Structures are given as C-alpha cells and as structure tokens.
Amino acid sequence: MTLAPTRGSKRRAIATPAVARRPLGFFLALPPIILILLFVGFPIVLAFAFSIGLTGGLNHVIASIGLNVHEAENWWGTPAAYIEVLSNSRILRDLSVTVGVTALSTVIVIFLALGIGLFLKLRDGRMARLLSGLAIIPLFIPVVIASWAIVTFYSGDGFVRSVFAQFGVEAPVWAFTMVAVVIGSVWTSLPFAVLMITSGLQAIPNAMIEAARDAGAGFLRIVVSILIPMAFVPILIAVTFTAIGVVGSFTVPYFTGPNAPNMLGVSMSNYFSAFNQPQQSVVMAFIVFVIASGIAAAYVWANFRSAKDQGKV
Amino acid sequence: MTLIEKIHSTTPTHRETDAGGSRGLRVRGLHKVLGGRTIIDNLDLTVQDGELVSLLGPSGCGKTTTLRMIAGFLAPDAGSIQVHDREVSALGAEKRPSAMVFQNYALWPHMTVVKNVGFPLKLRRLGKKEIEQRVDAVLALVNLLHHKHSRPARISGGEQQRVALARALVQEPELLLLDEPLSNLDAKLRVKVREDIREIQQRLGITTLIVTHDQEEAMSMSDRIAVMNAGKIEQFSRPAELYSRPETEFVATFIGSLNRIEGSLVNGAVVPGDDVIGIRPEDVVFTLHASFDARPAVVERVVPHGHFHEIYLKRDDATLRAFASGLPPAPGDRGHAAIQNALTFRQGRLVTTGGVAL
Ligand SMILES: Nc1ncnc2c1ncn2[C@@H]1O[C@H](COP(=O)(O)OP(=O)(O)OP(=O)(O)O)[C@@H](O)[C@H]1O
Ligand SMILES: [Mg+2]
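Chains A and B, in that order, give the protein sequences.
Heads up: the first sequence is residues 1 to 313, going by full-length UniProt numbering.
Heads up: the second sequence is residues 1 to 358, going by full-length UniProt numbering.
Hints in this document: simulated from the structure, not taken from any laboratory.
Here the structure is a predicted model, which means the values were calculated and not measured.
One should not assume that every hint holds.
[To be verified] Quick partial rundown of chain A residues pointing at chain B, CB under 10 Å, derived from the structure:
(1) Gly57
(2) Leu58
(3) Gly168
[As the list claims (entries may be wrong)] Subject to a maximum C-alpha distance of 35 Å in a straight line, what follows is the list of computed DSBU-like cross-link-like pairs (lysine-lysine):
(4) B:Lys95 to B:Lys128
(5) B:Lys148 to B:Lys122
(6) B:Lys188 to B:Lys232
(7) B:Lys192 to A:Lys308
(8) B:Lys129 to B:Lys192
(9) B:Lys148 to B:Lys192
(10) B:Lys115 to B:Lys148
(11) A:Lys308 to B:Lys122
(12) B:Lys129 to A:Lys308
(13) B:Lys95 to B:Lys115
(14) A:Lys308 to B:Lys314
(15) B:Lys95 to B:Lys148
(16) B:Lys192 to B:Lys232
(17) B:Lys95 to B:Lys314
(18) A:Lys308 to B:Lys148
(19) B:Lys232 to A:Lys308
(20) B:Lys128 to B:Lys148
(21) A:Lys308 to B:Lys188
(22) B:Lys128 to B:Lys232
(23) B:Lys122 to B:Lys95
(24) B:Lys115 to B:Lys232
All residues carry an ideal CB built from backbone N, CA and C; glycine is no exception.
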C-alpha cells in the first residue's frame with residue numbers, strides 16, 4: 001500500500017495519541033474477535049484435532065460414540081483417517097464429482113454473467129436490462145424451493161418429459177443426476193456473479209471502449225483486451241465466490257443429485273449421521289476446506305498482482 | 001512520407017494540396033436530433049489538408065456531438081462526412097481514418113505507456129520490430145521515452161495527455177480529432193501543451209480538428225476557428241478576423257470582451273435606435289482632458305486585472321467599459337471618453353465596422 005513513504009512522518013505526527021489509541025482500538029475490536037475465536041475458531045481447532053486422531057478431552061464423547069475412529073498413539077496425531085478417506089474409492093469418486101461440478105458450474109456461471117454484463121455494457125437496452133434483472137431473481141427464492149422445482153421439472157413424470165412426450169419424443173430424465181446438480185448450482189450462483197460482473201463492467205468508462213474502437217478494435221478485441229482485463233478483479237471475485245460456494249454446497253446436490261457418487265457436502269452428511277463415522281466426515285470437510293483455500297489463495301494472489309499492475313501497491 | 005520520416009525532418013511539412021484542393025475534412029448537411037431536440041442543425045464544415053481548425057462555442061452547443069459524429073461514435077441522422085474526398089459516414093469508428101484524443105485521455109490503466117501507444121499498431125498486425133520503432137519514434141516526439149514502461153496511473157496529467165496524443169499520432173491518421181484536450185491541465189501546463197500540440201501538428205502536417213470552449217486556446221493555436229452556437233456554425237474564419245470582424249452579434253460577444261449597447265453611433269455619441277452597437281473595451285479611450293469626439297465621463301469603478309485595468313465609465317449617453325494600462329484613474333475622477341471603433345449589428349448581423357458600411 002502507500003504506507004511506505006509516509007510511515008516516518010506519520011509515526012512522528014501521531015506518536016503520542018497512538019500510545020493511547022492503540023489499546024482502545026484493540027478493545028473495540030475485541031468482542032467480535034472473541035466471538036469468532038470462541039464460536040468458529042475453537043470448534044475448528046477441535047475438529048482438526050479429532051481428524052488427526054486426538055480423541056481425548058473435549059473430543060472424547062464424539063470419539064466414543066462414532067464408529068471406525070482412528071486414535072493417535074502420540075500427542076502429534078496420526079494421518080490414518082486421512083489415509084483411509086483418500087484411499088476410499090467411493091469418496092474419491094465423490095471428490096472428483098465435486099471438483100468436476102464446481103469447475104463446470106463456475107465456467108457456466110461466469111460465462112453467463114459475462115454475457116449478460118457485456119450485453120448490458122455494449123448494447124444497453126430494454127432486453128439487456130430485463131436479462132440482468134431476471135438473473136437476480138434466484139437471490140430471492142430459497143434454495144430448497146428452487147431445488148424441488150428443478151427436480152419436479154426434470155423428473156421422469158416432470159414438465160420437460162411431458163411436453164416432449166406430446167410430440168412422441170423421449171426426453172432424458174435429469175432429476176437426481178449430476179446434470180440437475182449443475183443446473184441447480186448455476187441457478188444459485190448466478191445472481192451474485194451477475195451483480196459482481198455487471199457492476200465491474202459498468203464501472204469501466206465508455207471512453208475506454210471508444211478509444212479502443214478508435215484504435216481499430218472490433219467487438220472481440222474490445223472484450224478480450226480492454227473489458228475483461230479492466231474488470232479482472234470483479235470477475236475474479238465472482239469466480240472464487242462461485243467456486244467456493246459450489247464446492248461446499250449441500251442443499252442443491254442433496255435434493256437434486258443421485259445417491260452416489262454425489263458431492264462431498266452430501267457424503268459428509270451421510271458419513272456424519274447415516275454412517276455414524278464423524279471422523280471421516282470431518283476429514284472430508286478439511287479436504288473441501290483445502291480446495292476452497294486453494295481457490296482463495298489464487299484470488300488473493302491475482303488481486304495483489306493486478307493492484308501492483310495498476311500501481312497501487 | 002512516413003510518420004517517422006516526418007518526425008525526423010526539421011522543416012514543416014508542406015501542405016500537399018493538389019490543384020483540385022484536396023480536402024482534409026468535408027462535412028455537409030450534418031444533422032442530429034437527440035432526445036427530441038435538434039442538436040446539430042444542417043452543419044457544413046471544410047478543413048483544408050494540414051490545417052488546424054478549432055470548434056469553439058459555449059457549453060452545450062453541440063461541439064462534442066459534432067466531433068463524435070466525425071469520429072464515428074455517433075451516427076448522424078443526415079449528412080455526409082468526407083476525409084480526403086472519401087465518404088466515411090457509413091463506416092464504424094474502427095474503420096475510419098481518423099484518430100481521437102479524448103477529454104479524459106481514456107488511457108487503458110492495465111497497459112503500460114508502450115502498450116497503450118502500440119495497441120493500434122498491434123491491431124493492424126504489424127511486425128513486432130516495426131511497432132517498436134514507430135512507438136519509440138512517436139514517444140520521442142512527445143518527449144516521453146523515459147516513461148515507456150510506466151502505467152498511466154503513475155504519470156502526471158500532462159504526461160497522460162501526451163500519451164493520449166501519441167496513441168493517436170502513432171496511427172498516422174488522416175484526420176486528428178481532439179475533444180477539449182487541455183481542459184484537465186492547470187493554466188501553465190495548458191499553455192505549454194497547446195504549444196507542443198501546435199508544433200507537432202505543424203511538423204507532421206496533420207489535418208486537425210480541436211474542440212474547445214476556451215477562446216484563448218482556440219485563438220492561439222488554430223489556423224481557423226469555427227464558432228458554433230446552438231448546433232450551427234456562426235462564423236468560420238481566421239482568429240484575427242474573428243475578433244476584428246465578427247459577423248454576428250453572438251460571435252462578437254462570445255469572442256473577447258464587448259460593450260453591448262442598444263442604439264446606434266452618431267458622431268461618437270450613442271443615440272437610441274433598433275440596432276446594436278458593440279464596442280471593444282480597448283476601443284474606449286479615457287483621458288482627463290477633452291479631445292475631438294470625446295464626451296465627458298465619470299469613473300465609476302476600477303477593476304485591476306494584473307497588467308491592465310478595467311474601468312467603468314459613465315457618460316451621459318451610455319455606460320462603457322474601457323481597458324487601460326499604466327497608472328489607473330480613481331473612482332470619481334472626471335474626464336473624457338472617446339469611442340474609437342465600433343461594430344454595428346442589425347438583427348444580429350454585422351452591418352458596419354468602425355463607421356464603414358459593409
Ligand atoms: N444522448 C443524448 N440525448 C439527449 N441529449 C443529448 C445527448 N447527448 C447530448 N445531448 C445534448 O446535446 C447538446 C450538445 O451536447 P454536446 O455534448 O455536444 O455539447 P458541447 O458543445 O460539447 O458542450 P461542452 O462544452 O459542455 O462539452 C447538449 O444540450 C446535450 O444536453
Ligand atoms: Mg463537450
């Protein structure tokens with residue numbers, strides 16, 4: 001940031017008040033910090049300890065109720081549960097389905113959102129506004145309801161097949177398949193991506209586009225060389241939020257997906273309650289967490305790089 | 001001659017006008033209605049090859065609209081636009097032989113200076129080597145080689161302005177369009193950059209159209225000025241003529257300062273009438289002693305303007321403003337004021353100048 005050149009003078013200027021202010025600021029920030037540590041941080045630490053087989057103390061009860069719990073013989077834990085989960089071919093299939101659905105849904109969502117955003121930016125008209133308005137609707141419809149709507153729409157006796165049957169055409173059954181999961185994921189993720197990307201594109205001054213046209217750039221050139229790079233950060237935020245949202249989704253795959261293989265969110269729940277194997281469930285949660293933080297790291301890195309490019313860092 | 005050759009030649013490029021009179025830009029019957037209002041009303045404009053013309057007018061008169069139609073960002077409702085005798089009005093902005101410098105420069109923030117300037121050439125699929133040469137040449141021309149790899153956000157406003165100019169020049173346009181190119185610069189820099197632009201334009205001999213609402217800017221850099229008002233061109237002539245022989249009352253009041261008095265001038269005195277007389281303040285001479293055709297006057301107010309003073313004078317027939325240098329009189333001083341030159345307008349149009357009927 002721009003701190004570097006001013007640091008010296010700043011320190012001198014606020015030397016005395018800073019001493020008084022720093023503890024005050026800390027105390028003001030304390031309640032939310034304590035809240036997060038207590039209600040989010042602490043359970044995470046406990047869960048991680050449980051996943052590496054540290055079953056003593058507060059993990060004692062869950063370890064004694066759960067089945068198939070790997071216990072560590074020493075204080076630093078054991079990777080046994082991780083090894084078991086990662087060598088379980090059923091879970092690995094769930095993992096690859098999760099990654100696949102996430103990638104596909106993200107690509108579709110970003111593609112649609114970019115399309116709507118570009119349409120709105122370059123051909124602002126009633127049609128474009130209608131489209132961008134429609135894309136926001138899923139935001140106001142609870143996911144459970146939308147999931148049921150998708151299931152009944154594409155089910156064996158659903159709307160799609162009934163209509164096709166009128167013409168003697170056998171339409172595929174998409175309910176309880178990964179296709180329905182992707183459709184549901186796109187449905188739930190689209191509003192945020194559209195909001196993010198359209199506002200990012202709208203923020204680009206029209207003169208930038210006109211300057212490119214003046215230089216001889218056609219539509220595709222303007223999109224690739226000017227609009228996407230200039231809206232890079234909002235697009236990236238949309239990508240990461242969509243991907244992280246889909247990777248950890250539960251409702252949509254639970255309602256619209258098949259029994260197996262399904263996304264990790266569903267298997268996690270199955271292992272936790274149906275199979276009573278909480279440790280395996282927690283391990284899966286950490287695997288999803290690692291994937292999500294990988295996406296988040298890409299986001300932070302790219303964000304930083306673009307800030308650097310624009311001379312802000 | 002290529003741009004690079006032109007840049008390196010020290011003599012100004014001669015205007016290559018052939019016998020027929022090659023026209024840099026020829027606009028005929030341009031018409032535009034926006035939001036139910038006629039913004040551009042049947043406008044004609046011809047810019048000679050290599051000439052620098054300013055489009056000058058008050059805010060909202062349609063200057064930007066005209067320029068945007070010439071550049072191809074806005075489709076005219078009617079009219080023809082020819083660049084070097086080639087009709088371009090059907091072409092999109094990307095296909096026109098003109099290049100534009102935008103008011104806020106419109107530099108792409110994610111590209112360095114070289115990339116910004118090289119972008120138009122990259123689109124023309126020129127070789128890497130040639131792009132580099134041409135970009136370097138034009139950056140040298142605008143004196144920015146040392147900022148080659150800077151981002152637009154990291155350079156000053158004046159430098160950004162020059163990058164925008166370089167990005168337009170590198171395309172070797174047949175027509176250079178500038179929309180208020182200096183309005184974001186401070187007063188000192190404005191004078192410097194406008195001299196730079198004029199010098200480069202002369203050196204390259206590029207046909208140029210500049211939009212401005214600053215008359216001093218227009219006066220100092222243009223070959224000719226087109227004064228616009230309400231979607232029409234009121235007068236199109238050389239700067240000096242615009243000042244000394246404004247064809248309409250609007251031009252007279254818009255360019256420079258003017259005492260506007262209803263009536264007419266008879267033997268140095270204002271008599272009531274239907275005409276309008278316009279007297280430049282420098283044509284009002286205030287002296288302490290009486291002289292031929294001067295009438296008694298009282299100094300009402302003195303406003304200092306640095307190197308000159310504006311003096312408000314009350315005569316029995318009219319109130320006049322005069323410009324005076326040297327030691328100013330004090331309010332309340334009595335003396336004599338003479339009108340040395342006046343423009344007479346009938347129904348808004350010039351009929352006499354300095355007592356000479358047209
Ligand atoms: N898209 C539009 N719809 C309706 N009216 C418009 C539109 N664009 C411009 N106008 C009107 O056209 C008139 C001329 O606008 P223009 O931008 O050409 O003025 P200008 O001479 O460049 O003024 P300035 O010196 O303030 O830039 C203005 O009254 C403006 O309100
Ligand atoms: Mg304008």
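Checked hints:
Given the 10 Å rule on beta carbons, the hint for Gly57 of chain A is violated: about 53 Å separates it from the nearest Cβ of chain B. A cut of 10 Å between beta carbons decides the hint on Leu58 of chain A: the least distance to chain B is about 51 Å, and the hint is violated. Taking 10 Å as the C-beta cut-off, the interface hint given for Gly168 of chain A is violated, the closest approach to chain B being about 48 Å. Of the pairs offered as hints, the one joining Lys95 of chain B and Lys128 of chain B holds, with about 22 Å between alpha carbons and a cut-off of 35 Å not exceeded.
Taking the CA atoms of Lys148 of chain B and Lys122 of chain B, the gap is near 16 Å; set against the 35 Å cutoff, the hint holds. Proposed proximity of Lys188 of chain B and Lys232 of chain B is supported: the alpha carbons are some 32 Å apart, at most 35 Å. A distance of roughly 32 Å separates the Cα atoms of Lys192 of chain B and Lys308 of chain A; the hinted pair therefore holds under the 35 Å criterion. At most 35 Å may separate the alpha-carbon atoms for a hinted pair to count; Lys129 of chain B and Lys192 of chain B meet this at roughly 32 Å.
Distance restraint check for Lys148 of chain B and Lys192 of chain B: the Cα-Cα separation of roughly 21 Å lies within the 35 Å cut-off, and the hinted pair is therefore satisfied. For the hint linking Lys115 of chain B to Lys148 of chain B, the alpha-carbon distance of about 9 Å falls within 35 Å, and the restraint holds. Our distance criterion of 35 Å between C-alpha atoms is met by Lys308 of chain A and Lys122 of chain B, whose separation comes to about 24 Å. For the hint pairing Lys129 of chain B with Lys308 of chain A, the CA-to-CA distance comes to about 28 Å; that is within 35 Å, so the pair holds.
Restraint check: the Cα-Cα separation between Lys95 of chain B and Lys115 of chain B comes to about 21 Å, which is no more than 35 Å; the hinted pair holds. Taking the CA atoms of Lys308 of chain A and Lys314 of chain B, the gap is near 65 Å; set against the 35 Å cutoff, the hint is violated. For the suggested pair Lys95 of chain B and Lys148 of chain B, the alpha carbons sit about 28 Å apart, so the restraint of at most 35 Å is met. Distance hint between Lys192 of chain B and Lys232 of chain B is fulfilled; the C-alpha atoms sit about 31 Å from each other, no more than 35 Å.
Annotation: proposed proximity of Lys95 of chain B to Lys314 of chain B is violated, straight-line Cα distance about 60 Å (limit 35 Å). For the hint linking Lys308 of chain A to Lys148 of chain B, the alpha-carbon distance of about 17 Å falls within 35 Å, and the restraint holds. The straight-line distance between the Cα atoms of Lys232 of chain B and Lys308 of chain A is roughly 48 Å, outside the 35 Å bound, and the hint therefore fails. Restraint check: the Cα-Cα separation between Lys128 of chain B and Lys148 of chain B comes to about 16 Å, which is no more than 35 Å; the hinted pair holds.
The hinted pair formed by Lys308 of chain A and Lys188 of chain B meets the criterion: a straight-line CA distance of about 32 Å does not exceed 35 Å. The straight-line distance between the Cα atoms of Lys128 of chain B and Lys232 of chain B is roughly 45 Å, outside the 35 Å bound, and the hint therefore fails. The hinted pair formed by Lys122 of chain B and Lys95 of chain B meets the criterion: a straight-line CA distance of about 15 Å does not exceed 35 Å. Between Lys115 of chain B and Lys232 of chain B the CA atoms are separated by roughly 39 Å; this puts the pair beyond 35 Å, and the hint is violated.
The structure fails to meet hints 1, 2, 3, 14, 17, 19, 22, 24 from the earlier list, while all remaining hints are met.
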